[in-house]
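Enquirer: Residue numbers (numbering that gives the first Met the number 0), protein chains in the order written: chain A, 0 to 312; chain B, 0 to 299; chain C, 0 to 317.
Since the hints were made in silico from the structure, they are not lab data.
Among the hints, a few may not be true.
[Said to hold, decoys possible] Calculated cross-link-like contacts (lysine to any residue; reagent style SDA-like; alpha-carbon spacing at most 20 Å):
| id | chain 1 | residue 1 | chain 2 | residue 2 |
| --- | --- | --- | --- | --- |
| 1 | C | K313 | A | E74 |
| 2 | C | K313 | A | T94 |
| 3 | C | K223 | A | E74 |
| 4 | C | K223 | A | F305 |
| 5 | C | K313 | A | R111 |
| 6 | C | K52 | C | G78 |
| 7 | C | K313 | A | S149 |
| 8 | C | K223 | A | L116 |
| 9 | C | K313 | A | R142 |
As the structure is a prediction and not an experimental result, all values here were calculated from the model.
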Amino acid sequence: MTALLEVEKLAVSFGTMRAVDAISFTVESGEILGLVGESGCGKTTAALALMRLLRGATCTGAARLADVDLFSLDEPAMRARRGSDLAMIFQDPATALHPTIQVGDQLVETLRTHLNLSARQARSRALDLFRKVGIAAPEARLRAFPHELSGGMCQRVMIAMAIACSPLLLLADEPTTALDVTVQAQILDLLRQVTREAGMSVVLITHDLGVVAGMADRVAVMYAGAIVEMAGTDRLFAAPRHPYTRGLLASIPALDQGWDEPIPTLAGSVQSAFEVPGCRFSPRCPLASEICRSAPSLREVAPGHFVSCWNAA
Amino acid sequence: MVDVPAAEIILPRPAQRFGALRRLLRHRLAALGLIVIGLLAIGSAGAPWLAPYQPDDIDIAQRYAPPLSEGHILGSDDLGRDVLTRLLYAGQVSLSVGLAAMLVTVLVGFAVGAFAAYHGGWVDIALMRLTDIMLCFPSVFLLLFVAAFVTPSLASIALMIGLTCWMEIARIVYAQILTLKSADFIAAARMVGAPSWRIIFRQILPNTLAPILVAATLNMANAILLESYISFLGYGIQPPAASWGNMLTNAQSDFQVDPWLAILPGLAITLAVASFNFIGDGLRDALDPRMRERSAGALR
Amino acid sequence: MLRFLAHRLAQSVVLLLGVSIIGFGLMHLAPGGPLALYTINPTVTAQDIERVKAQFGLDQPVAIQYLKWAEGMFTGNWGYSFFGGQQVREIVLDRMPATLELMGTSLFLALMIGVTIGIVSAVRRNSVADYASAVAAMIALSLPTFWFGLLAIYLFAQTLEWLPAGGVASTSGGDLVDRLRHLVLPVAVLSFVLVAQWSRYTRSAMLDILNQDYIRTAEAKGLKRSRILLNHALRACLAPLITLAGLQLPLLVGGALVTETVFSWPGMGLLFVNALGMRDYPVLMAILMVSAFVVVLGNLLADIAVALVDPRVKLGYG
Numbered sequence: 000m001t002a003l004l005e006v007e008k009l010a011v012s013f014g015t016m017r018a019v020d021a022i023s024f025t026v027e028s029g030e031i032l033g034l035v036g037e038s039g040c041g042k043t044t045a046a047l048a049l050m051r052l053l054r055g056a057t058c059t060g061a062a063r064l065a066d067v068d069l070f071s072l073d074e075p076a077m078r079a080r081r082g083s084d085l086a087m088i089f090q091d092p093a094t095a096l097h098p099t100i101q102v103g104d105q106l107v108e109t110l111r112t113h114l115n116l117s118a119r120q121a122r123s124r125a126l127d128l129f130r131k132v133g134i135a136a137p138e139a140r141l142r143a144f145p146h147e148l149s150g151g152m153c154q155r156v157m158i159a160m161a162i163a164c165s166p167l168l169l170l171a172d173e174p175t176t177a178l179d180v181t182v183q184a185q186i187l188d189l190l191r192q193v194t195r196e197a198g199m200s201v202v203l204i205t206h207d208l209g210v211v212a213g214m215a216d217r218v219a220v221m222y223a224g225a226i227v228e229m230a231g232t233d234r235l236f237a238a239p240r241h242p243y244t245r246g247l248l249a250s251i252p253a254l255d256q257g258w259d260e261p262i263p264t265l266a267g268s269v270q271s272a273f274e275v276p277g278c279r280f281s282p283r284c285p286l287a288s289e290i291c292r293s294a295p296s297l298r299e300v301a302p303g304h305f306v307s308c309w310n311a312a
Numbered sequence: 000m001v002d003v004p005a006a007e008i009i010l011p012r013p014a015q016r017f018g019a020l021r022r023l024l025r026h027r028l029a030a031l032g033l034i035v036i037g038l039l040a041i042g043s044a045g046a047p048w049l050a051p052y053q054p055d056d057i058d059i060a061q062r063y064a065p066p067l068s069e070g071h072i073l074g075s076d077d078l079g080r081d082v083l084t085r086l087l088y089a090g091q092v093s094l095s096v097g098l099a100a101m102l103v104t105v106l107v108g109f110a111v112g113a114f115a116a117y118h119g120g121w122v123d124i125a126l127m128r129l130t131d132i133m134l135c136f137p138s139v140f141l142l143l144f145v146a147a148f149v150t151p152s153l154a155s156i157a158l159m160i161g162l163t164c165w166m167e168i169a170r171i172v173y174a175q176i177l178t179l180k181s182a183d184f185i186a187a188a189r190m191v192g193a194p195s196w197r198i199i200f201r202q203i204l205p206n207t208l209a210p211i212l213v214a215a216t217l218n219m220a221n222a223i224l225l226e227s228y229i230s231f232l233g234y235g236i237q238p239p240a241a242s243w244g245n246m247l248t249n250a251q252s253d254f255q256v257d258p259w260l261a262i263l264p265g266l267a268i269t270l271a272v273a274s275f276n277f278i279g280d281g282l283r284d285a286l287d288p289r290m291r292e293r294s295a296g297a298l299r
Numbered sequence: 000m001l002r003f004l005a006h007r008l009a010q011s012v013v014l015l016l017g018v019s020i021i022g023f024g025l026m027h028l029a030p031g032g033p034l035a036l037y038t039i040n041p042t043v044t045a046q047d048i049e050r051v052k053a054q055f056g057l058d059q060p061v062a063i064q065y066l067k068w069a070e071g072m073f074t075g076n077w078g079y080s081f082f083g084g085q086q087v088r089e090i091v092l093d094r095m096p097a098t099l100e101l102m103g104t105s106l107f108l109a110l111m112i113g114v115t116i117g118i119v120s121a122v123r124r125n126s127v128a129d130y131a132s133a134v135a136a137m138i139a140l141s142l143p144t145f146w147f148g149l150l151a152i153y154l155f156a157q158t159l160e161w162l163p164a165g166g167v168a169s170t171s172g173g174d175l176v177d178r179l180r181h182l183v184l185p186v187a188v189l190s191f192v193l194v195a196q197w198s199r200y201t202r203s204a205m206l207d208i209l210n211q212d213y214i215r216t217a218e219a220k221g222l223k224r225s226r227i228l229l230n231h232a233l234r235a236c237l238a239p240l241i242t243l244a245g246l247q248l249p250l251l252v253g254g255a256l257v258t259e260t261v262f263s264w265p266g267m268g269l270l271f272v273n274a275l276g277m278r279d280y281p282v283l284m285a286i287l288m289v290s291a292f293v294v295v296l297g298n299l300l301a302d303i304a305v306a307l308v309d310p311r312v313k314l315g316y317g
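With the rest of the complex left out, here is chain A (with noise of 0.2 Å):
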């Protein structure tokens, strides 16, 4: 059986600027796969690849989803697909919402686009998803406008505009980042409840490892474009690979670290390793020698588990 979801080789650049390196990697049916990474790494990028949102870049590779090639659709054919087939959540919900159209009204655009429903049709359901949501006084909310609302809030309306066609694969980008701490444990609750419950495939894009362990199935750590290392969620906490996976895991504070000692760091940025000839990790990589001067690929070193480093046990 194959996956729902196959990037195979995807590449990004903007004119000689390399911004995703031919990845490549899988999405189950139903699974929730995070992909994670420091900013500017190359995720929300790879994600609008996949929506072919991408303005003035040049894509190369394949992107499968239940066996259709996305990058070989035409424009209409792929702006049906849009928000039907595979929708995104965008992480700042109080920009992403149109700031002089009812929240109601851009939730009821996206379901009269998609489904053929009359205008109460599209009302009564609007209505229900703002319930599926958790939005208390759902009537009210549908009139409301974004800055009426809170951040939580809105993400909720993005959230259910999101999920109103019941897409086979949701791209969540960075969901929780723009919010407050109490209210990103709601949302990412949310989150699972809902695609769990319509089967729903996820790519969860985050910065955050942390919401990476409590909500994915499998993950893959993205560094300057690139993969590299991908295994289940369980296995990269338990045994990570990659030096620079090992770094992210060293670097989260342990409640039982004492006040005074220092959060170990990575050395160096990732802004300048796009340059890098050969492993891109290998200016900050304590493990470095010789033969990173030729770029690994991704290698699966134990089943399910692959890592791209040359040194890695």
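Starting from the known structure of chain A, fit chains B and C onto it as the hints suggest.
Expert: Just chains B and C, lined up with the frame of chain A:
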């Protein structure tokens, strides 16, 4: 995983192909503007040496000579005066009025805006309300209004244009300084005890320079245009002295006889004004990275 | 809403008072005073001037004159022209329709064409069309209008003889076709500049909007491009467009000095130029006040309209 040959896919979006072309050409236009202004300035400043005649050499035998005729490359006017000579001398007037008016505009605008914003309180209210009142006068109305009651001279015209056009720069400076006032580095300067004049000149002026420079260049264009308007309506530089504007007024009645008399000074005005506009546009692109068009879909 | 209106009205009154005081002051402090033109005329004797002064109340202190004039402005008695003695209000109101006709047509055309060009340029950013319209707009904004008008008259009226050179209508004709033919050249000249303004402004507002997150959301929802443009982008663009319309509203009444002069269009602009030439103060002051009033009104209307289309904007004090 299967190894598939990677298919080149260009996403169906407005391509960036013309982005580079546009930037290049835009800066080319600014560069072209600089060259044109340079030539006009050199020609005007060097008029006594470059011009083939004196600006008021009358030659009744050679009236209305067409362009490219012998002795008059750009022809001659109703009194047989050489058009090229007069254009060059008129350039002196028009360009220096523009320059002087721009300087007055920037000085008054900066003073009002900076003083209001830095002082705050009733000074702020009084000065900015005055700015509002001045903006209520339809711009050309006010200018003409004043122009009609003043004996026209190069200095008075420059002063009038300057004194009726400073409001925009005052608002730019005012807004800029209000933003800067709350900026952290100003707070830092204040905290180490720098005196306010020092803060204005060392911290605030350099930071407002870019928008002022852009506004000043565009103002220069506007001032040249305004000078031509008031000269055209008869309240500007008086004949026999030539400015591009009053050369046009003269030519209006001779349009049937010799359209070139009107076409040439108009072209000179358009060239000068367009050049300053293009330079201002280029400056805006070059100086203020925030105003530059963000490349959509940039890396996140 | 009512409190906002009251506040803004008070503010407007202060603005208009300021304008009137500055305007009145300028005219009465000018060298030669209001009757400068009479004093040059050798046939007018000193006694004549004293008599005229008394007749128009010019022998009184400036402050008293101002108060009398201001009272008149409020009560509808705008004074009498120095020349011909006609009621100023009649003179000004007589000229209004011609200006409304010219400016209304030009503004309407400019808005339609300019906004369209602006949207197309923003959507097809960096295309040849975008680039060409940018250069064309820049040149249009650099042309002296009167020169452009003169060229148009020379070419289309005098050389080709397709269209009349000036005025609102022929003395003989005056039917609709004739009036329209008279309208073509001045409207074309005016619109050229206005279109340039509108297209530049719309383009930059639109570009800003097209880069917003909510446009990407709309695309991610799979909406049609036309719907995104018309329903989402244009809706967000309404507020800035209304603001510009408010700023240009005064043109409707103030007219275009230069264009009206070139085309002998008997509107407010030409009236101003003529009154200025004759130093006809009552007329000048009336035009000034009417124009300033419309400036204030335009700003107020724009603020209210923006608050109507954008629920985020609360009508506040400011």
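Enquirer: All hints are to be evaluated individually against the structure, with a verdict given for each.
Expert: A quick look at each hint next to the structure:
1. C:K313 to A:E74: Distance of about 40 Å is beyond 20 Å: violated.
2. C:K313 to A:T94: Within the cut-off at roughly 19 Å; holds.
3. C:K223 to A:E74: holds (10 Å)
4. C:K223 to A:F305: violated (40 Å)
5. C:K313 to A:R111: violated (32 Å)
6. C:K52 to C:G78: holds (14 Å)
7. C:K313 to A:S149: Holds, at roughly 18 Å.
8. C:K223 to A:L116: holds (17 Å)
9. C:K313 to A:R142: Holds: K313 (chain C) and R142 (chain A) sit about 18 Å apart, inside 20 Å.
The structure fails hints 1, 4 and 5 (numbered hints given earlier, in ascending order).
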